[in-house]
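Enquirer: Here the protein sequences come in this chain order: A and B. One point on numbering: in the numbering used here, the residue at position 348 of the first sequence is 348, and numbering is uninterrupted. One point on numbering: in the numbering used here, the residue at position 251 of the second sequence is 251, and numbering is uninterrupted.
Worth flagging that the hints you see were computed from the coordinates, not collected in a lab. For glycine and all other residues, C-beta sits at the position ideal for the given N, C-alpha and C. Among the clues, some could well be false.
[To be verified] Simulated pairs of lysine-lysine, DSBU-like, Cα-Cα distance not exceeding 30 Å:
#1 LYS251/B with LYS230/B
#2 LYS264/A with LYS140/A
#3 LYS29/B with LYS230/B
#4 LYS44/B with LYS140/A
#5 LYS133/A with LYS44/B
#6 LYS259/A with LYS133/A
[To be verified] Example chain A residues on the side facing chain B (calculated, C-beta under 8 Å, incomplete):
#7 VAL14
#8 MET26
#9 PRO178
#10 LEU291
#11 VAL295
#12 THR299
#13 ASN337
[Said to hold, decoys possible] If you anchor each label on the Cβ, the simulated ranges turn out as follows:
#14 TRP105/B with ALA145/A: 31 to 39 Å
#15 LYS264/A with LEU319/B: 37 to 45 Å
#16 ASN308/B with GLU81/A: 49 to 57 Å
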Amino acid sequence: MTNYIIRRLLLVPVLLIGVTLIIFGMLQLLGPVERSALYVTDFPKNEKQIEGIIKKYGLEDPFFQQYWRWLTGVTDPVTGERDGGIIYGDFGYSRTASQEVIGIIQNRFLHTVDLALWTVFPYLSVGIWMGVKAAVNQNKFFDQAARVYSIIGTSLPAFVFGLLLLMLLYANNQWFLPGKMSDWVSQLVYSGEFKQYTKLLSIDALLNLRFDIFWDAMRHMIMPILSLSYISWATYVRVTRSSMLETLRMDYVTTARAKGLKEKDVINKHARPNAMLPVVTMMGSSIVGLLGGVVITETVFNYPGIGKAAAEAASQLDVVTILGLAIFTGFILIISNLVVDILYAFIDPRVRLS
Amino acid sequence: MTEMTTFPTGDNQLLEETKSDRKITWLEKFLGPDNYRIVTGLLKTPASIIGFILILIFILVAVFAPVIAPPVGDDPMKIPRDGFSGEPKAPGAEWTRNVPEMPFWYKTLTGNDEWVHLLGTAQGQYDIFYGIIWGTRTAFRTGLIVVIATVLIGVILGSIAAYYGGWVDNLIMRITDIFMTLPYIMMALIFSSVLTPILGRSLLPPLIAMITFGWMGYARIIRSDILSIKERDFVLAARASGVKNGRILFKHILPNAIFPTLVLASLGIGDVVLGFAALSFLGIGTEIGYADWGQVLSFARNWITVLNRYWFIVVYPGLTLTFFVMGWNLIGDAMRDVLDPRMRGKS
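Just need the whole structure built from these sequences, with the hints factored in.
Expert: Here it is as structure tokens:
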């Protein structure tokens, strides 16, 4: 086990270097003037200034020198101030949003966390539940319905589904709303009466015992949660169902039945835990999918998270910003993949022995 | 050992029984039994047949686009505009400017004498019907280009990794891992927005971006297929007779390993089109007014408060895209069952 964890940890720096190299490689496709946004906030105005900046920050140096400088920043020899350096969280300056990229992340990421927090459980569990139920009722109505659902769910694009939700649940009768919070909530939040313990709106509302605010937050999040989850449900149904069907044909399940166990115990205690292995393997890539999915979902529902920030920056071609966001997402993904892999090794002994 | 001069005579019942009683068609001879099983397996289930029919309809629409919706102006891929007003028009609204020619089917099917906006217009008076019909061509074009390019990259890298093994394999597979860490749609979005200022607004930036971040799956599949074929006797025989590495790999191993990958890849067109539509929905890619489903859908983004009134901007292109992807997915599901040996002979 320790061996496996050490080997897996050794992979982290490799992944970090690889991901940063890919993103830095993309940055190098820009001209040196645009890249100056990594270090300075003003756009250089005249020839002389451009030259000075290129020289000071070495924007025309060889690739790996620049890469190193991009990682660690440039220290001014006179004042001793450091500019740039992504390992210090300085991702550059966003000219379209007129603020530091790290500031965008600080503002927006918590909104995404707020959304993801409420999404993760339904995202991972509902599909498994449907898949198990479909397999147990093979070829009955629930099974057929689940199979049809899995085909439609994997074919319907998230943004079409999102727009349909908006059409049915918002434009018609305003049951659920796009955006992050209603006006009266945002006034309250910024007035200071509302204590922000965690900066996650839904959690803060619960901690302040303001259930009206909690309900408002939920009204804004239910459509994004559905829109993030339904695709994952569709894939989990299929995988769980086929894995469960296979397990139900195993000899030990027959043995359990022959012992006279109740069917409920056969399914819940003998079959289901063993059928979960291929499903758990999927969870890592599911989380990657969730972080990719927020780009589209947040844009459709105008939810001010990090995904929407990325989509906005991309459509305005603000490359420094979007690559800063990409680095940040890359870090998060590498860490969450690590956690999932180690958890998986605890569940499945075959992984840590291979 | 005595020499046998005559063949054994008498009751050859056993021999007769071992003979296959089914006819082996030319197709099976041509493809070989394994690949033949894949092809016939694909045509067995009703779901995959529906899938094939859907795809066939889309192919027909793409081929006969000029007949279904006669082009207006020089570039048929530009959606014709009926004026410049921002307000979308409902289906059946009269077409006043840039009226296209009337195709032969129009009068008999609709009973109208005048050309109307069959499926309404989006903001800027882009005709949705034209966007959908000509968008089919965009879909097939992007799907085919990206699939062919990603398969090529994947097959080359995957087969080199599998055949040479050792550090080459390690290096290539670690690079694959790194690319797989990153979320596909986000990276495609980012890379195409990096490429857009360099290449201009066109199909190219999203295509290149999707190719760059889309080859990893194929590399993994072909690698594992080659690893199993590499150990077969005919490879050993080729090596023993002094055939060069590259020739063994590309002439002896690949043709025997590539068929499942090719079928899987051709089914990837649905996913590629989905990703491409998502990118143009987010505002990356072709210039505004290019016939492309994602772009027609992106017009709906400005009207979310009144989508119940302008439902046609979402529903028509949305359904088209869904049916397109569903066609490929239905075939893909059948394919997965055929390729999965555990599912052989089961439901």
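Enquirer: With reference to the structure, classify each hint as holding or not holding.
Expert: Quick rundown of the hints versus the structure:
{"no.": "1", "hint": "LYS251/B with LYS230/B", "verdict": "12 Å, holds"}
{"no.": "2", "hint": "LYS264/A with LYS140/A", "verdict": "18 Å, holds"}
{"no.": "3", "hint": "LYS29/B with LYS230/B", "verdict": "23 Å, holds"}
{"no.": "4", "hint": "LYS44/B with LYS140/A", "verdict": "21 Å, holds"}
{"no.": "5", "hint": "LYS133/A with LYS44/B", "verdict": "27 Å, holds"}
{"no.": "6", "hint": "LYS259/A with LYS133/A", "verdict": "23 Å, holds"}
{"no.": "7", "hint": "VAL14", "verdict": "6 Å, holds"}
{"no.": "8", "hint": "MET26", "verdict": "5 Å, holds"}
{"no.": "9", "hint": "PRO178", "verdict": "6 Å, holds"}
{"no.": "10", "hint": "LEU291", "verdict": "5 Å, holds"}
{"no.": "11", "hint": "VAL295", "verdict": "5 Å, holds"}
{"no.": "12", "hint": "THR299", "verdict": "6 Å, holds"}
{"no.": "13", "hint": "ASN337", "verdict": "6 Å, holds"}
{"no.": "14", "hint": "TRP105/B with ALA145/A: 31 to 39 Å", "verdict": "37 Å, holds"}
{"no.": "15", "hint": "LYS264/A with LEU319/B: 37 to 45 Å", "verdict": "41 Å, holds"}
{"no.": "16", "hint": "ASN308/B with GLU81/A: 49 to 57 Å", "verdict": "55 Å, holds"}
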